[in-house]
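Asks: Sequence:
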Amino acid sequence: MRIRIGILGDPSGWFLLLEQEGVPHQRIHGDLTPEHYSAVVVNDAADDREIEMVRQYLRLGGGVLCSAKVYAEIRGTTSGRRAIEYLLAEDDSLFAGTGIVDLRQRSRIAWNANELPSDIGGPTAFVGTYEGGHVVALPFDPSLTALDERAVRKSFYSPEPRLPFERVSAVDKHATRRLVTVALQHLHRARDLWYAHLWYYPENAASVFGFRIDTDRGSAGEVEALYEFLRGRRVRGSWFVDVGGQKQFLWRFGQMQGQEIGLHCYEHRTFPDEPRNHRNILKARDAFRALNVGAVGFAAPYGIWNRALANVVVEFRFLYSSEFAYDHDNLPSIPSLGRDRRGVLQVPVHPVSIGSLRRQGYEASAMQRYFLRVAEEKRARREPLFFYHHPKDGHLPVLEELFRAASGAGVVHMTMQEYAEWWLRRTAGPLELNFRDQALHVDNGAGRPTAWLHIVRPDGQEAFHPAESKLAAADLVWRPVPPPPLIPHDIERTRRFNYRIPLTVAVDRLASLRRRA
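Numbering (our numbering) for the sequence shown: 78 to 594.
Any given hint could turn out to be false.
To be verified - Below, computed lysine-lysine pairings styled on DSBU-like, alpha-carbon distance capped at 35 Å: (1) 360 <-> 324; (2) 324 <-> 469; (3) 360 <-> 469.
Stated by the list, open to error - Okay, the calculated beta carbon distance ranges per label pair: (4) 168 <-> 580: 32 to 40 Å; (5) 579 <-> 155: 37 to 45 Å; (6) 168 <-> 490: 31 to 39 Å; (7) 344 <-> 545: 48 to 56 Å; (8) 106 <-> 419: 17 to 25 Å; (9) 329 <-> 122: 50 to 58 Å.
Since the hints were made in silico from the structure, they are not lab data.
Heads up, the beta-carbon is just placed ideally off N, CA and C, and yes, glycines get one too.
All chains should be built: construct the whole structure from the sequences, respecting the hints.
Replies: Okay, here's the thing in structure tokens:
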């Protein structure tokens, strides 16, 4: 029995999601049987022939993850269509702990939906059986959400009355990935199969901690103070330099010890067209090269992402990029730029900084409470602990508490470059997993000699182990899967109108006009 996910319909978004998850997958060609595919995911573009293949697969006892649209086609029925802003799983749900899942689209709802309430009330997803097989039908196609390029300003949860906000991806790609992971684990459990995938971090680490610094207009004194602070705490930061704003002391970044230096910009702007983005990055890179400073990472001003920028980042052959308008709080992924063209690896961070909180009037103690809660939640969700900062933000004692919360038992400290390099090794080469005789037989290929697997049994026990050729159940150390984090009871206030967003935007625009005058 192969542990492998088959893909029907347009595979682009599913490739992205399943590569993040690290589970073997391929587009289906030829026969579709439960012995060759432990589960199947279906894109909304699946044709009539592929839908009939799914029906036959279900009759043989297979497991299918799809949208309500595809589920209706499988059954030959209809589905309701409603405008959904977000989903929010209940505490006793299969998807408990996922949090708010922003959709912001018209969605399909299965007629027999029994899971995942939305902002309009009532369940929107179906989890159950059909024709002898097992089905999870979501009110949207996750593979399309993974490719969504919209960006909006969103509020982020805080226990304080004022909510911080940033311009980020309009849909929750990290929450969508969590839904997919839970659904795939459920489908394997329903078939009494182990679920196994490449772990997200080196060896069996609980998570990875990284610290990004965007140097936006920071003075020489502010940059030096932050650098000395990091050195004193042995934190290796990833600095993205505002070259035009710091050209008078640009040489200092080349002298920093134990730090990663990346490019931010020359002019602190992101443009909607390729020529101006190209000139901006080229000017910054040339200034670096004049000082013999290299940079493999890039982060755009204000976290803005668009196709024009992404194409230029590919041209400059950066190893990775990081823009929260594309994604945040998630595992790395490689954007699809259309026509089978892939972008540069994205390494997401948490988009709220001390500067974001300071603008909402947060005192140091409130900032600490905010970051402690975020770090605890991310650890519980097994997400990367990547945070970001600006030298002008100050509040170094708050950073001290953040570093304590984001480090600790099982967490590996890496620069963004180090994690990007590791991640690309993780996703290189084929992976084959076969489950038979209560053992997992592994063909790891030559590209991942140090890969580890995360394995979940149908009884809810998990194990971590290097991806060796044969992993017998009796030889593994099994522990219960940790419970998901509790979602704040008032989480939905983050999706209510926040009058501070348009007010702050208006003030920012006025300030920008004054600077240019």
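Asks: Indicate, hint by hint, whether the structure satisfies it.
Replies: Hints, one by one, checked against the model:
{"no.": "1", "hint": "360 <-> 324", "verdict": "holds (11 Å)"}
{"no.": "2", "hint": "324 <-> 469", "verdict": "holds (17 Å)"}
{"no.": "3", "hint": "360 <-> 469", "verdict": "holds (24 Å)"}
{"no.": "4", "hint": "168 <-> 580: 32 to 40 Å", "verdict": "holds (35 Å)"}
{"no.": "5", "hint": "579 <-> 155: 37 to 45 Å", "verdict": "holds (40 Å)"}
{"no.": "6", "hint": "168 <-> 490: 31 to 39 Å", "verdict": "holds (33 Å)"}
{"no.": "7", "hint": "344 <-> 545: 48 to 56 Å", "verdict": "holds (52 Å)"}
{"no.": "8", "hint": "106 <-> 419: 17 to 25 Å", "verdict": "holds (21 Å)"}
{"no.": "9", "hint": "329 <-> 122: 50 to 58 Å", "verdict": "holds (52 Å)"}
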